[in-house]
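Chemist: What follows is each chain in one-letter form.
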Amino acid sequence: MINNSAYIKTEPDNKESSTVVVRMEHVKKFFGNNYVLRDINLVITKGENLVVLGKSGVGKSVLIKCIIGLDDIDEGKLFILGRDISELKKNELIEIRKKIGFLFQSSALYDSMTVRENLEFPLSRQLRSLSKDEMGQLAKEALENVGLSNTIDEMPSELSGGMRKRLGLARTLILKPEIMLYDEPTTGLDPITSREISSLILEVQKKYNTSSIIITHDIECARLTANRIIVIKDGVCAAEGSFTDLKNSADTWVRSFFE
Amino acid sequence: MEKIILPQSDKESRGVEIEPGNNSEMIPNSIFKRFFLEVSSLTLFTLRFFKEAFKPPYEFNELIKQSFLIGYKSLPLVGITGFIVGLVLTIQTRPTLVKFGAVSWLPAMVAVSIIREIGPVITALIFAGKVGSGIGAELASMNVTEQIDAMQVSWTNPFKYLVVTRVLAATLMLPVLVAFADAIGLAGSFIGVNLQGHVSAYLFFSQIFQSLGFNDLFPAFIKTFFFGFAVGLIGSYKGYNSNKGTEGVGKAANSAVVFASLMVFLIDMVAVQITSMFQN
Numbered sequence: 030m031i032n033n034s035a036y037i038k039t040e041p042d043n044k045e046s047s048t049v050v051v052r053m054e055h056v057k058k059f060f061g062n063n064y065v066l067r068d069i070n071l072v073i074t075k076g077e078n079l080v081v082l083g084k085s086g087v088g089k090s091v092l093i094k095c096i097i098g099l100d101d102i103d104e105g106k107l108f109i110l111g112r113d114i115s116e117l118k119k120n121e122l123i124e125i126r127k128k129i130g131f132l133f134q135s136s137a138l139y140d141s142m143t144v145r146e147n148l149e150f151p152l153s154r155q156l157r158s159l160s161k162d163e164m165g166q167l168a169k170e171a172l173e174n175v176g177l178s179n180t181i182d183e184m185p186s187e188l189s190g191g192m193r194k195r196l197g198l199a200r201t202l203i204l205k206p207e208i209m210l211y212d213e214p215t216t217g218l219d220p221i222t223s224r225e226i227s228s229l230i231l232e233v234q235k236k237y238n239t240s241s242i243i244i245t246h247d248i249e250c251a252r253l254t255a256n257r258i259i260v261i262k263d264g265v266c267a268a269e270g271s272f273t274d275l276k277n278s279a280d281t282w283v284r285s286f287f288e
Numbered sequence: 012m013e014k015i016i017l018p019q020s021d022k023e024s025r026g027v028e029i030e031p032g033n034n035s036e037m038i039p040n041s042i043f044k045r046f047f048l049e050v051s052s053l054t055l056f057t058l059r060f061f062k063e064a065f066k067p068p069y070e071f072n073e074l075i076k077q078s079f080l081i082g083y084k085s086l087p088l089v090g091i092t093g094f095i096v097g098l099v100l101t102i103q104t105r106p107t108l109v110k111f112g113a114v115s116w117l118p119a120m121v122a123v124s125i126i127r128e129i130g131p132v133i134t135a136l137i138f139a140g141k142v143g144s145g146i147g148a149e150l151a152s153m154n155v156t157e158q159i160d161a162m163q164v165s166w167t168n169p170f171k172y173l174v175v176t177r178v179l180a181a182t183l184m185l186p187v188l189v190a191f192a193d194a195i196g197l198a199g200s201f202i203g204v205n206l207q208g209h210v211s212a213y214l215f216f217s218q219i220f221q222s223l224g225f226n227d228l229f230p231a232f233i234k235t236f237f238f239g240f241a242v243g244l245i246g247s248y249k250g251y252n253s254n255k256g257t258e259g260v261g262k263a264a265n266s267a268v269v270f271a272s273l274m275v276f277l278i279d280m281v282a283v284q285i286t287s288m289f290q291n
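Protein sequence lines, in the order shown, are assigned to chains A and B.
Per my numbering, numbering through the first sequence is continuous, rising by one, with the last residue being 288.
Per my numbering, numbering through the second sequence is continuous, rising by one, with the last residue being 291.
Everything labelled a hint here was simulated from the structure, so no lab data went into it.
Don't take every hint at face value.
[Claimed, not checked] Computed footprint of chain A on chain B, listed as stretches where at least three residues anywhere in the stretch have a Cβ under 8 Å from a Cβ of chain A:
id	segment
1	147-157
2	164-173
[What the hints assert, rightly or not] Label pairs and their computed distance ranges (CB to CB):
id	chain 1	residue 1	chain 2	residue 2	range
3	A	189	B	48	52 to 58 Å
4	A	183	B	83	44 to 50 Å
5	B	58	A	271	48 to 54 Å
[As the list claims (entries may be wrong)] Anything over 10 Å on all C-beta distances counts as not near chain B; from chain A, calculated:
id	residue
6	68
7	97
8	99
9	135
10	137
11	138
12	155
13	248
Fair warning: this is a prediction, and the values are worked out from it, not measured in the lab.
Cβ atoms here follow ideal geometry from the backbone N, Cα and C, with glycine treated the same way.
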């Protein structure tokens, strides 16, 4: 079924309400006089992969940066794991947001650190009670999960684009987040590596039962990973549905994303 | 529309983009406006530094690492520069002193010049070129590649981890480097003296220590902390608030050196005035 913004439900039914992990109600975000997000309403349930499509500069990345806290929303309500973030104290907010992982478009690996140090960095900041050996063990496991076991002592600059993405994913997953935010995870990768990254996203969903928001322009990635897709236009959710629904949309603009 | 980045003191993010909007009509769009915005922005950045520097948790490990990178790794460059300055100053000064029959004053004159002024200023300028540009470029490239954002979502305060540690390391390491450069510079001077004559090491260094007093050493030592602070702060400010894009990295590195060097001269001018007031 295809919806436009007027029909996208903001209140989950009773069955869903216990499993809603992120809910946005009339969220607005502007920079100066320019509205980027005008009225965003969306719900993500436990274990769901939501793909967000839209033209460049429409505010897709801003949307997930608001969820992780890199940007603040200007108006509206944002609920994460059932808590209204506007009512939380700073410490509570940090605790909630520790349950969110973010894979950056550029992977954002620390250039001055080795692969091992990149993986141990978030552990050392959040799980200070862990010993050096325990951190090393977790780093090795995280690398095995993404198929990069033999790179542990290399520098990020020695890795290929696909390997850097995998390492970025490993670094994010090492803290076992409940919600994953992917900012264009396959951008700049060849089709084979893109498919590998999409498979990893699905693996993460199955293995850890994470809920994910995936920002992408890669329709193949959307097809492989999405349980549900929303399309953003002019700062609102313009359409929502499954991949097949939107691909066969009566709206030519929506359909154009899939051609 | 023109955008100006101001640091946001109450939030652990890099900065806030201020759109001049209607306000731009109130202030003429001139070099003065940019100057005052830059000064206010740097002032807020400095205040934030002091706020974060005294608030726990402290990043001791990163401070030690940065002190090693900034201090120890700068020793060869600073040492070579100090040696050449001492040697050249001696060789250039000698003919003039010979003319006035005052060649015996050469060690004392060179020592006072190096300890009071040339050692601190030349070392600080070299330091600005190496460390200031390095900090500016490193933080700017971290900004471009979203590494600072990644640090923030790892629940690390990037300002405290990146900026506070680098500024403190620069502040603490420059006095050590200046002391090292001064010592090497005096050794260079000793070689310079002996290239055109013969003076024993005992006599040379005795004359140096007799000529130097508290008024020479103490103000010179204190001002090096301010030089180091300025170089670290300006490098961090330019890098942390750089524009996104690779062009921003180059601009950050370049402007860090230019402004830090200018600040070194300004601080030196003020320091000399203050020292003169007390000496008089």
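Chemist: Would you mind marking each hint as holding or not holding in the structure?
Modeler: Now the hints, each set against the structure:
Counting residues of the segment 147-157 of chain B whose beta carbon lies closer than 8 Å to any beta carbon of chain A gives 5, which meets the minimum of three for the stated coverage. Look at the segment 164-173 of chain B against chain A: 4 of its residues bring a Cβ nearer than 8 Å to a Cβ of that chain, three or more, so the hint holds. For residue 189/A paired with residue 48/B, a C-beta distance near 42 Å fails the hint of 52 to 58 Å. At about 25 Å, the CB distance of residue 183/A to residue 83/B disagrees with the hint of 44 to 50 Å.
Between residue 58/B and residue 271/A, the C-beta spacing of about 52 Å keeps the proposed range 48 to 54 Å intact. The non-interface label for residue 68/A is consistent with chain B: the shortest C-beta to C-beta separation is roughly 22 Å, beyond 10 Å. Interface exclusion of residue 97/A from chain B breaks down, the closest Cβ pair being 5 Å apart, not more than 10 Å. At the 10 Å boundary, the C-beta of residue 99/A falls inside the reach of chain B, the nearest C-beta of that chain being 6 Å off.
A cut-off of 10 Å between C-beta atoms contradicts the statement that residue 135/A is not in contact with chain B; the least separation is 5 Å. Separation of residue 137/A from chain B is inadequate, the least Cβ-Cβ distance of about 4 Å not exceeding the 10 Å criterion. At roughly 7 Å, the least C-beta separation between residue 138/A and chain B is not larger than 10 Å, which violates its mark as non-interface. Listed as outside the interface, residue 155/A is inconsistent with that label: its C-beta sits roughly 6 Å from the nearest C-beta of chain B, within the 10 Å cut-off.
With 10 Å as the threshold on Cβ separation, the claim that residue 248/A sits away from chain B holds: the shortest Cβ distance comes to roughly 24 Å.
Hint violations for this structure: numbers 3, 4, 7, 8, 9, 10, 11, 12, all remaining hints satisfied.
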